[in-house]
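Please build the complex by placing chain X on the supplied structure of chain F, with the hints as guidance.
There are 2 protein chains.
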Amino acid sequence: MKFCSQCAGVVSRRVPPGDNLPRWVCDNCGAIHYENPKIVAGCLPRWEGRILLCRRAIEPRYGKWTVPAGFMENGETLAEAAARETLEEAMARVQIDRLYSVISIPYISQVYMLFLGDLLAPEFGPGDESLEVRLFKQGEIPWEDLAFPSVTMALRWYYEDLDSGEFPLHTVDFERRPG
Amino acid sequence: MKFCSQCAGVVSRRVPPGDNLPRWVCDNCGAIHYENPKIVAGCLPRWEGRILLCRRAIEPRYGKWTVPAGFMENGETLAEAAARETLEEAMARVQIDRLYSVISIPYISQVYMLFLGDLLAPEFGPGDESLEVRLFKQGEIPWEDLAFPSVTMALRWYYEDLDSGEFPLHTVDFERRPG
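Protein sequence lines, in the order shown, are assigned to chains F and X.
Per numbering that gives the first Met the number 0, residue 0 is the first one in the first sequence, and the count goes up by one each step.
Per numbering that gives the first Met the number 0, residue 0 is the first one in the second sequence, and the count goes up by one each step.
Calculated directly from the structure, the hints in this document are not laboratory data.
Cβ atoms here follow ideal geometry from the backbone N, Cα and C, with glycine treated the same way.
Any given hint could be a false lead.
Covered by chain F, according to a simulated footprint, are these stretches of chain X (three or more residues, beta-carbon under 8 Å) [said to hold, decoys possible]:
1) 28-36
2) 47-60
3) 76-90
4) 131-144
5) 151-159
Dumping the calculated BS3-like pairs for lysine-lysine here, alpha-carbon to alpha-carbon at most 25 Å [claimed, not checked]:
6) F:K37 <-> X:K37
7) F:K1 <-> F:K37
8) F:K1 <-> X:K37
9) X:K37 <-> X:K63
10) X:K136 <-> F:K37
11) X:K37 <-> X:K1
12) X:K1 <-> X:K63
13) X:K1 <-> F:K1
Chain F on its own, in the form it takes in the complex:
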């Protein structure tokens, strides 16, 4: 950030009066420009014991497999965001079930929130951001080619919970950048 979105004045990084963190503050009009974490909402779509995954057509992790997920938009609920991302990335309609995993990723200022969902029909295909979309049985999950640790973790939780038939919320913090 270099300029104020209100008045086009130059901004500088400083702690506003009464605050305790540095913010972008306009040298001209004094407007304070806060920056906050973003929510990534997604879905683990199920159909007859299989899981729908998408192979990414975009960076980062081009060519790797992931669940449908993306930035939540203003004006929608978490569940709406998860369903919309599933429609956009996997061209699939889902009934959103429970919130299943909440992962704080502070080093990129994101919170990753994944729902369980059920496909309304076995109809899907690659959206603009996917190369390929397919249903995987448990033994077919491409564990070595998953795009993100959050996806690996959610799928591991899912198959563990499948044995007990209970699907409680899982929360974890990714405290440091992997690798």
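Just chain X now, kept in the frame of chain F:
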């Protein structure tokens, strides 16, 4: 938003190529300025069967009672945000327990995420944004003077769950502005 934070050019509201929602786009350099929902993280602090509430010293809902909660900051986890808000607003240190309620509020583009927590000691006081902070027994909760529906709902869930001793995650969407 009137000006581009990258180049100080004039921005206009339009749908960028490949997108399907209007964004603020710079007429000069083409930068796209996304706006996303904010997370409000908070805590329901417990001490020996009582709940700590804060009376707001700021608008909106000046003078009404609430739980410690506020905007999550970049670089922190959800639980860190909830503990920080409790320290700032109630001058109290808490051990964060489980994530307890997740409320989507699409008409203000916020997601309200509340943890259960336990005071480390019965030490607290009004931070800058509170007029008064005190512990309430169940029969003392000022139901008519709570600041927000999300607080009323979380406290109702809490006392219902207290009977069963189980505290599962509660999720709800506030689809329309109250009143």
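Taking beta carbons only, do three or more residues of the segment 131-144 of chain X come closer than 8 Å to chain F?
violated (count 0)
Compare the distance between the alpha carbons of K37 (chain X) and K1 (chain X) with 25 Å, and conclude whether the hinted pair is satisfied.
21 Å, holds
For the pair supplied as a hint, K136 (chain X) and K37 (chain F), is the alpha-carbon distance within the 25 Å limit?
With Cα atoms ~36 Å apart, K136 (chain X) and K37 (chain F) exceed 25 Å; violated.
State whether the coverage of the segment 28-36 of chain X by chain F holds or is violated, taking the criterion as 3 or more residues with Cβ-Cβ distances under 8 Å.
holds (count 5)
Please check whether the segment 76-90 of chain X has three or more residues whose CB lies within less than 8 Å of a CB on chain F.
Coverage by chain F holds here, the residue count being 4 at a Cβ distance below 8 Å.
Is K37 (chain X) within 25 Å of K63 (chain X), Cα to Cα?
22 Å, holds
Check whether the Cα positions of K37 (chain F) and K37 (chain X) lie no farther apart than 25 Å.
Measuring from Cα to Cα gives roughly 7 Å; hence the hint holds.
Check whether three or more residues of the segment 151-159 of chain X sit with their beta carbon closer than 8 Å to a beta carbon of chain F.
This one is violated; 0 residues, fewer than the three required, reach chain F with a Cβ under 8 Å.
Holds or violated: are the alpha carbons of K1 (chain F) and K37 (chain F) at most 25 Å from each other?
21 Å, holds
Tell me if the straight-line CA distance from K1 (chain X) to K63 (chain X) falls inside 25 Å.
Between K1 (chain X) and K63 (chain X) the Cα gap is close to 35 Å, so the pair fails against 25 Å, i.e. violated.
For the pair supplied as a hint, K1 (chain X) and K1 (chain F), confirm whether the alpha-carbon distance does not exceed 25 Å.
Holds: K1 (chain X) and K1 (chain F) sit about 14 Å apart, inside 25 Å.
Distance restraint between K1 (chain F) and K37 (chain X), which requires alpha-carbon spacing of 25 Å or less
22 Å, holds
Hint compliance for this structure: hints 2, 4, 5, 10, 12 are broken, all remaining hints hold.
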